[in-house]
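Residues per chain are reported as follows:
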Amino acid sequence: MSQPLQPWGGPPGATPHADAMTASDEMVQLLTPEGRRVEHPDFAFTGDDAEIAGLLREMVLARRLDLEGTSLQRQGELGLWPPLLGQEAAQIGSGRAVRDADMVFPTYREHGVAMLRGVPVGDMLALFRGTSMGDWDIDEHRFGQYQIIIGAQTLHATGYAMALQRDGLIGNPEPDRNAAVLVYHGDGASSQGDVNESYVFAASFQAPVVFFCMNNQWAISEPSTRQSRIPLYQRAWGYGFPGVRVDGNDVLAVKAVTDWAMERARQGQGPAFIEAFTYRMGAHTTSDDPTKYRLSEETEAWRRKDPIERVKTYLLDAGAIDDGWLSDLDAEADALGEHIRSTCRQLDSESLAHRFDVLFREPTAESEDDRDAHLSYLARFEPLSEESAR
Amino acid sequence: MSQPLQPWGGPPGATPHADAMTASDEMVQLLTPEGRRVEHPDFAFTGDDAEIAGLLREMVLARRLDLEGTSLQRQGELGLWPPLLGQEAAQIGSGRAVRDADMVFPTYREHGVAMLRGVPVGDMLALFRGTSMGDWDIDEHRFGQYQIIIGAQTLHATGYAMALQRDGLIGNPEPDRNAAVLVYHGDGASSQGDVNESYVFAASFQAPVVFFCMNNQWAISEPSTRQSRIPLYQRAWGYGFPGVRVDGNDVLAVKAVTDWAMERARQGQGPAFIEAFTYRMGAHTTSDDPTKYRLSEETEAWRRKDPIERVKTYLLDAGAIDDGWLSDLDAEADALGEHIRSTCRQLDSESLAHRFDVLFREPTAESEDDRDAHLSYLARFEPLSEESAR
Amino acid sequence: MSTMTMAKALNAGLRRALDANPKVLLFGEDIGKLGGVFRITEGLQKDFGEERVIDAPLAESGIIGTSFGMAMRGYRPVIEIQFDGFVYPGFDQIVSQVAKFHNRTNGRSSVPMVVRIPYGGGIGAIEHHSESPEAYFVHTAGLKVVTCSNPNDAYWMIQQAVASDDPVIFLEPKRRYHDKGEVVHESKPIALHQARIVRGGTDATLIAYGPMVKTCVEAATIAEEEGRSLEVIDLRSLSPIDMVTLTHSVRRTRRAVVVHEDVRTLGVGAEVAARLGEELFYLMESPVLRVTGHDLPYPNSRVESDFLPDVDRILDAVDRSLAY
Amino acid sequence: MSTMTMAKALNAGLRRALDANPKVLLFGEDIGKLGGVFRITEGLQKDFGEERVIDAPLAESGIIGTSFGMAMRGYRPVIEIQFDGFVYPGFDQIVSQVAKFHNRTNGRSSVPMVVRIPYGGGIGAIEHHSESPEAYFVHTAGLKVVTCSNPNDAYWMIQQAVASDDPVIFLEPKRRYHDKGEVVHESKPIALHQARIVRGGTDATLIAYGPMVKTCVEAATIAEEEGRSLEVIDLRSLSPIDMVTLTHSVRRTRRAVVVHEDVRTLGVGAEVAARLGEELFYLMESPVLRVTGHDLPYPNSRVESDFLPDVDRILDAVDRSLAY
Ligand SMILES: Cc1ncc(C[n+]2csc(CCOP(=O)(O)OP(=O)(O)O)c2C)c(N)n1
Ligand SMILES: Cc1ncc(C[n+]2csc(CCOP(=O)(O)OP(=O)(O)O)c2C)c(N)n1
Ligand SMILES: [Mg+2]
Ligand SMILES: [Mg+2]
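So the sequence lines, in the order shown, correspond to chains G, Y, H and F. Just so we're aligned: 119 in my numbering is position 119 of the first sequence, and the numbers increase by one with no gaps anywhere. Just so we're aligned: 298 in my numbering is position 298 of the second sequence, and the numbers increase by one with no gaps anywhere. Just so we're aligned: 99 in my numbering is position 99 of the third sequence, and the numbers increase by one with no gaps anywhere. Just so we're aligned: 67 in my numbering is position 67 of the fourth sequence, and the numbers increase by one with no gaps anywhere.
Since the hints were derived computationally from the structure, they do not count as laboratory data. Please note that a few of the clues may not be correct.
In silico lysine-lysine, PhoX-like type, Cα no more than 20 angstroms apart, as pairs [as the list claims (entries may be wrong)]:
1) K180(H) <-> K214(H)
2) K46(H) <-> K23(H)
3) K46(F) <-> K33(F)
4) K188(F) <-> K214(F)
5) K292(Y) <-> K180(F)
6) K180(F) <-> K214(F)
7) K46(H) <-> K33(H)
8) K33(H) <-> K292(G)
9) K46(H) <-> K292(G)
10) K292(Y) <-> K33(F)
Partner residues aside, some chain Y positions facing chain G, computed with beta carbon under 10 angstroms [what the hints assert, rightly or not]:
11) S191
12) D194
13) N196
14) A203
15) R226
16) S228
17) A236
18) W237
19) F241
C-beta: ideal position from N, C-alpha, C; glycine also.
Model the full assembly from the supplied sequences, consistent with the hints where possible.
Structure follows, in structure tokens:
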């Protein structure tokens, strides 16, 4: 049997260990579900326990944000909510590998990453409340809008990365002058033409973009095996860039692998692909009923791999945190919850008339006439409603 | 360094040699440019010299068909012609691996395969003459229409293969009851979303479809490296099916590899991918000017790998053919040329009115009214033109 | 005869289509175990098997393109696009392949397939879930485009669409999925491409389809109280448009208002207005007026009620029409 | 002032746009060394480098989607779609992403990009090479759609489109690429979204754009010999439509004929007819008539001359209009 090439071809890059890794079917794990730290030949988490405690804090807050979203939807305050439950490590670990100058393109589920990027909670909720279309300041937070069209953002991310290249922001000797793009997509999304085209463009132009495939095992009711019969991280091999599978419920491993991929991209070594092997513990969205298509045994088995519990166990065992620390965190989460709920209830929409004003940057006579016609139509009802108010 | 899996994952299939082959970067070759037969560990051409002479004959006729197409375009008899020059081995070798019951989906350049499938020369020319849209009988010839939208046919092929599955035409113990689909696409096409989606669907449903990627090094003016920085056959690995690179100018190797892939598909072992490494010797189409983007040295180097010359040399050396045989073949090609030219000149278009009749299978009042209106409009000019004819 | 929701009627119609012809297949995202996000295909995979009710990989172009291939070999794929806004990745396969195939092959081959699309707004959804894509398809020669407005039509039209030898875009007004109505199982339905007079009237004709039919009937009911007699026509077929029924009505009423959720510019109303103008120029007492979604991307849900035509806007247009 | 073909005028306009703003990029298939299949970008890669004039992988959705990403970061990508029929694989990115972005972000962000599309028939091409896709874009809120009919407009409009802060679909009538005309480099052009009266007249208004402007002028010239005075308007902008210029003309002539290559049903003519009907109901002496491509897929080239509007069909419509 002939010896296979490096799957992505070409000479060994500057990070031979990590590249070699991608040829293995093994999943990178640095913290077991039991809370034990383990070594990996290619990847290491280099932070201290204080940093790990920071990650725990952010995961707990992300989970709280998510639970509030779900309950606000139940209460009719939101129209819809796509829960992140179970994906806290994958989100926080990857989100923490992103620097200020980097850019992030999310799906519609990366609430934890949004939080890390400083997106105001109200801006995020507004989308699901129907009071806006998710109009946080993309440039300020370097965090793209949520994307509903499955996979479309992967092309935007790749183009943004091509712009970074043109701006001279990769491969500089001063690491701080470099930047890269992190883009999320799901296991289901891996089947979309756009997503595969983004791999083509990223590879062709060696764009500084990291594809973070959130393999939460399901695309609504379809298991990831409907999309691919082989592990998804191997998809990258066919396009000529490294693909790594990481335990998506292990925040240390996710952070380490994403750090590696982002730094590689910033240095000008091109795209990389990370498959975070995780699980969507909740429903697809609050409109979904997962009991229709998956067994509770499966969910139960994954519950034992909870991304938060293992970190808690590790830190408690290591003596890095104690019950007091945890109850302070609870209190912080409660405060966040309170903030979320009150923010949400105050969110209101601008009027439809405003939509005409933002149709174009340079409004047309047509859009202005349309707005005026709309307003004067509405105006005709005003005396009437004043009357009926009497 | 960890040991890689089979790139396409899963357990070794029924053809372990061939599958192992796909992990090698080497190109399958059974006949050198000098006309010497060589062995390959995984693939063998099992036919005798008479069969090889048959392949030579078909390649020569394909080349003649192509040259006639080009010259008819020069003479203004055709609007356009996409030459196959240089790709005779890739077309005839693969086309001969197809059985009657199999289905073929071409691009716009597989004139040689069309010939093998019995597509009347007139039907083929009509498309480029503008007298039809290429309306040969798809079901009779089991040869799809030429496809202009790059890559769109790969999805049709995959769907057709899914239909074969549903018809129970794969994996039967009687080999003759089985069928599979062969679909052609170019190196350029490999970037299209549709093409990559077809890999996804083919793999997901294990559809009996073989992707024959005609890597002729160019997509109009763009070299194949703009589409992929690694060999294209490796693309298949990322989707979980075997990919093999074959010397596309070696008709024996192309036949052997395509036989293997088609039989695998017929037996129900799912899709496979063949990259035929070949070269477009001519212009992209008669409208193109390749001197704008490629060096004559390159073309010259490929001329030395001519797919026809090597077979001729081999057969002459082996004493399987002689000059008499070759001049008979020349005469046959001349006759074909004559047939092509006279057929072409006689091709005429049905009137536009006919287009309304074939808009729908079940015409609508609207389409019928439109046709009638068109006809009565035309009728108004008739007396006039009769008059002016007088 | 029985009373059911449009969702159930579609389910029943699809079931009959699957029963009637073993070549009929359902193909789409989440249509198997889940029964589709609107449960239109509920129970069908269980009863007809995974080979006929097929969960597809998440790729609309792939779904349409592979269905095309299956249809070439005699199957009749009925595709579910999960929401209106997700049909565009498959647009090329629809307009460049599906629509043209019969014509390209000179009538030799056809791809009888149905693309079901839940469409329209009014359900408080997030963006891309409330689109009205019909005009793109009506503008495309080679497609037939129909839409149901009530359970009985849903039940029959889906079966007619599946039986059609031409490709059909089948639009389902999602905000009417849960409205109940009578389904007459026994009697033969009217032709698929025929419009229907939902309510007779003499002063003006309201022309609508899909979700807006109900709204127009409500408007006509209110108008009646004000002494105005409005005829309401449900187009049912958007391509072809049944101009016979339309002109017959407008010849009598001499005034027409077209109503749809889709934007005004080059919405179906534009074509209806242009044709009525051409055909009934001397007869019309007033121009065809259009009550439509605004020329905007579909807005966030909190303001969608200002975007969508409602009874007030319709009656306002009727007033204007009558004032000419 | 100089005389040049439309192809050269576009090349010159693009060159000026590249010169004027370092953020302007050209992106498309075969636009580099080859200079595009129509040579519109000839020499530009040589002069502006491969980082600014970029040969893209063969994937239209990819081209539009990555351009969107570049535009988000301040670049101004000018995309070349090789032929009209190849824009549909990128349709989703155009209608769901590009068109909506400024609106979705509440005006915070914009993606100023230009999608250049050589369009229309009459060049004896194979299928998918003679499409008129304009109506799909005109129907899509959030896009601006323009088309040039002569070298001077080509030269100026492409620069205005690139300078526009909104996304612009820029349609180039490929059968006019080699027609020569004067380009006035010195004087300021009229606004991008303004229509232009190409030829004054009093008996009826011919409304056209892109490839049909020349044909209408020819028709008007012949009509003049027959004693009929036809006004010809070049719309130039299809979205928005300059209704001021249109109604101003038709108020005088009281008759209008819209001419385009695109199919009739929901072609731009439908919207023009609907709007003129609404705005000038009492004034019109006859309905707006439409002379268009037939409601068919674009046919094989040998019969395209029967498909496309020509002088005879235009004059026939004028006759009918005047006969009302
Ligand atoms: C183009 C498109 N098609 C279909 C949908 C409907 N849809 C929304 S989410 C989803 C599943 C996505 O699965 P995956 O990519 O795995 O992400 P996850 O939801 O698991 O995070 C589908 C089919 C959509 N939003 N866009
Ligand atoms: C969707 C689409 N985009 C662009 C084109 C224009 N075009 C025709 S052939 C071609 C190059 C195709 O290259 P390749 O796939 O390598 O096939 P080859 O022509 O080399 O056989 C291009 C860009 C097209 N026909 N369809
Ligand atoms: Mg998922
Ligand atoms: Mg090629």
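Hint check results:
A hinted pair counts as satisfied when its Cα atoms are at most 20 angstroms apart, and K180(H) with K214(H) qualifies at roughly 12 angstroms. For the hint pairing K46(H) with K23(H), the CA-to-CA distance comes to about 17 angstroms; that is within 20 angstroms, so the pair holds. In summary, the hint linking K46(F) to K33(F) is supported, as the alpha carbons are separated by about 8 angstroms, within the 20 angstroms threshold. With a C-alpha separation of about 23 angstroms, the suggested pairing of K188(F) with K214(F) is violated against the 20 angstroms cut-off.
Distance check on the hinted pair: K292(Y) and K180(F) sit about 25 angstroms apart at the alpha-carbon level, beyond 20 angstroms; violated. For a cut-off of 20 angstroms, the pair hint linking K180(F) to K214(F) stands: about 12 angstroms separates their Cα positions. A distance of roughly 8 angstroms separates the Cα atoms of K46(H) and K33(H); the hinted pair therefore holds under the 20 angstroms criterion. The straight-line distance between the Cα atoms of K33(H) and K292(G) is roughly 7 angstroms, inside the 20 angstroms bound, and the hint therefore holds.
Straight-line distance between C-alpha atoms of K46(H) and K292(G) comes to about 12 angstroms, which keeps the hinted pair within the 20 angstroms bound. With a C-alpha separation of about 7 angstroms, the suggested pairing of K292(Y) with K33(F) holds against the 20 angstroms cut-off. About 5 angstroms separates the beta-carbon of S191(Y) from the nearest beta-carbon of chain G, less than 10 angstroms, and the hint is met. The beta carbon of D194(Y) is positioned within 10 angstroms of a beta carbon in chain G (closest approach about 6 angstroms), and the interface hint is therefore held.
About 4 angstroms separates the beta-carbon of N196(Y) from the nearest beta-carbon of chain G, less than 10 angstroms, and the hint is met. The restraint placing A203(Y) at the interface with chain G holds, with a minimum CB-CB distance near 6 angstroms, inside the 10 angstroms limit. Satisfaction of the interface hint for R226(Y) is found here, the shortest Cβ-Cβ separation to chain G being roughly 6 angstroms, below the 10 angstroms cut-off. Taking 10 angstroms as the C-beta cut-off, the interface hint given for S228(Y) holds, the closest approach to chain G being about 6 angstroms.
With a cut of 10 angstroms, the hint placing A236(Y) at the interface with chain G holds, because the nearest CB-to-CB distance is about 7 angstroms. Annotation: W237(Y) was flagged as interfacial toward chain G, and the flag holds, the nearest CB pair being 5 angstroms apart, inside 10 angstroms. For F241(Y), the shortest C-beta to C-beta distance to chain G is roughly 9 angstroms, which falls under 10 angstroms, so the interface hint holds.
Checked against the numbered hints above, the structure breaks hints 4, 5 and satisfies the rest.
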